[in-house]
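Enquirer: These are the residues of each chain, in order.
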Amino acid sequence: VQLVESGGGSGQPGGSLRLSCTAAGFIFNNYPMNWVRQAPGKGLEWVSYINGNSNQIYYADSVKGRFTISRDNAKNSLYLQMDGLRAEDTAVYYCAKDDASGWYVTDWGQGTLVTVSS
Amino acid sequence: QSVLTQPPSVSGTPGQRVNISCSGYSSTIGSNIVNWYRQLSGTAPRLLIYKTDQRPSGVPDRFSGSKSGTSASLAISGLQSEDEADYYCAAWDGSLNVWVFGGGTKLTVL
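Those protein sequence lines, which keep their order, are chains A and B. Residue numbers are given in my numbering: position 58 of the first sequence equals residue 58, and the series is strictly consecutive. Add 118 to a position in the second sequence, counting from 1, and you land on the number used in my numbering.
It cannot be assumed that every hint is accurate.
[What the hints assert, rightly or not] Below, in silico cross-link-like pairs of lysine-lysine (DSS-like), each with a Cα-Cα straight-line distance of 27 Å or less:
id, chain 1, residue 1, chain 2, residue 2
1, B, Lys224, A, Lys42
2, B, Lys224, B, Lys169
3, A, Lys42, B, Lys169
4, A, Lys42, A, Lys64
5, B, Lys185, A, Lys42
6, B, Lys185, B, Lys224
7, A, Lys75, A, Lys64
8, B, Lys185, B, Lys169
[As the list claims (entries may be wrong)] Pair by pair, the computed Cβ-Cβ distance ranges are:
id, chain 1, residue 1, chain 2, residue 2, range
9, A, Pro13, B, Ser149, 35 to 45 Å
10, B, Ala193, A, Trp103, 18 to 28 Å
11, A, Arg86, B, Leu214, 17 to 27 Å
12, A, Asn73, B, Ser129, 42 to 52 Å
13, A, Gly7, B, Tyr143, 43 to 53 Å
14, B, Thr131, A, Gln81, 23 to 33 Å
15, A, Asn51, B, Ser129, 20 to 30 Å
16, B, Ser175, A, Ser118, 42 to 52 Å
17, B, Ser186, A, Phe26, 45 to 55 Å
18, A, Arg18, B, Ser149, 29 to 39 Å
19, A, Asn30, B, Glu202, 28 to 38 Å
20, B, Arg135, A, Asn55, 22 to 32 Å
21, B, Pro178, A, Thr106, 16 to 26 Å
[Claimed, not checked] Rough simulated footprint, nothing fancy, chain B against chain A, three-plus residues with beta-carbon under 8 Å:
id, region
22, 28-35
23, 43-54
No lab work stands behind these hints, which were simulated from the structure alone. All residues carry an ideal CB built from backbone N, CA and C; glycine is no exception.
Hey, can you work out the whole structure from these sequences and the hints?
Expert: Structure follows, in structure tokens:
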């Protein structure tokens with residue numbers, strides 16, 4: 001299993017960024033996926049979940065209405081559209097693959113850093 | 119503020135057994151499975167225990183998980199220096215439809 005995030009970088013408060021995660025080594029559309037983030041020096045925070053056919057999507061309250069998770073199974077890719085960025089969104093964002101049932105994360109990407117600052 | 123409560127730190131000497139607690143609510147640990155992840159400094163987390171008490175292949179049986187009521191526990195026996203890491207519990211909150219993590223516990227091997 002390989003999960004490679006991209007799209008991180010610097011963004012301004014109120015701005016937008018789009019993260020991508022390219023998956024390999026498994027049948028992508030069979031597995032739910034998540035985004036999990038970790039602010040500098042802090043613990044893990046779950047951000048969003050999407051099941052294999054995108055008909056089940058959940059968000060943490062902290063990002064609901066601002067972030068949008070999506071996937072393109074034909075491209076083996078997971079996305080996170082981040083709008084209305086805030087300073088507290090600064091974190092390393094991990095792409096995380098669930099087991100087929102969606103009950104636990106089996107694999108993590110290496111993470112991509114998002115920094116929100118004016 | 120994390121919804122699941124873990125001690126910020128625990129420590130032990132080589133060969134000792136340590137326990138890391140994770141306290142939640144009826145909507146989290148009380149009614150759902152618990153997973154544990156380990157994170158070495160500067161690296162991505164890795165799955166340590168899933169479905170409360172199951173070990174992925176490759177995880178030694180020194181690591182075990184359990185749950186009682188609204189609390190869960192990770193036990194590490196035969197402590198080794200390479201066990202130094204941050205440990206996180208996680209559970210699904212069925213009333214809010216969100217995953218919640220504990221704040222993390224830093225294990226130090228003295």
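Enquirer: A separate judgement is required for each hint: does it hold in the structure or not?
Expert: Hints and how they fare:
About 11 Å separates the Cα atoms of B:Lys224 and A:Lys42, which keeps this hinted pair within 27 Å; it holds. For the proposed pair B:Lys224 and B:Lys169, the alpha carbon gap of about 22 Å is at most 27 Å, so the pair holds. With a C-alpha separation of about 25 Å, the suggested pairing of A:Lys42 with B:Lys169 holds against the 27 Å cut-off. Between A:Lys42 and A:Lys64 the alpha-carbon distance is near 21 Å, which keeps this suggested pair within the 27 Å criterion.
Between B:Lys185 and A:Lys42 the alpha-carbon distance is near 25 Å, which keeps this suggested pair within the 27 Å criterion. Between the alpha carbons of B:Lys185 and B:Lys224 the distance comes to roughly 20 Å, so the proposed pair stays at or under 27 Å and holds. Under the criterion of a C-alpha separation no larger than 27 Å, the hint pairing A:Lys75 with A:Lys64 is consistent with the structure, at around 25 Å. Using a Cα cut-off of 27 Å, the hinted pair B:Lys185 and B:Lys169 holds, with the two alpha carbons roughly 10 Å apart.
Here the CB-CB span from A:Pro13 to B:Ser149 is close to 38 Å, well matched to the stated 35 to 45 Å. About 21 Å separates the C-beta atoms of B:Ala193 and A:Trp103, a value consistent with the hinted range of 18 to 28 Å. Restraint check, A:Arg86 to B:Leu214: a C-beta distance of roughly 21 Å satisfies the suggested window 17 to 27 Å. Distance hint for A:Asn73 and B:Ser129: a CB-CB separation of about 46 Å, consistent with the stated range 42 to 52 Å.
Separated by about 35 Å at the C-beta atoms, A:Gly7 and B:Tyr143 break the suggested range of 43 to 53 Å. Between B:Thr131 and A:Gln81 the beta carbon distance is about 48 Å. The supplied range of 23 to 33 Å is therefore violated. Distance hint check for A:Asn51 and B:Ser129: the Cβ-Cβ separation is about 40 Å, which falls outside the suggested range of 20 to 30 Å. Between B:Ser175 and A:Ser118 the beta carbon distance is about 47 Å. The supplied range of 42 to 52 Å therefore holds.
The beta-carbon spacing between B:Ser186 and A:Phe26, approximately 35 Å, falls outside the hinted interval of 45 to 55 Å. Distance hint check: the CB atoms of A:Arg18 and B:Ser149 are about 35 Å apart, consistent with the given range 29 to 39 Å. For A:Asn30 and B:Glu202, the Cβ-Cβ distance of about 36 Å falls inside the hinted range of 28 to 38 Å, so the restraint holds. Between B:Arg135 and A:Asn55 the beta carbon distance is about 45 Å. The supplied range of 22 to 32 Å is therefore violated.
For the pair B:Pro178 and A:Thr106, the supplied restraint of 16 to 26 Å holds, since their beta-carbon distance comes to about 18 Å. For the region 28-35 of chain A, the assignment as covered by chain B is violated, since 1 residues bring a beta-carbon within under 8 Å of that chain's beta-carbons and 3 are needed. Given a C-beta distance limit of less than 8 Å, the hint that chain B covers the region 43-54 of chain A holds, as 5 residues qualify and 3 suffice.
Violation of the numbered hints given earlier is confined to hints 13, 14, 15, 17, 20 and 22; the remaining hints are satisfied by the structure.
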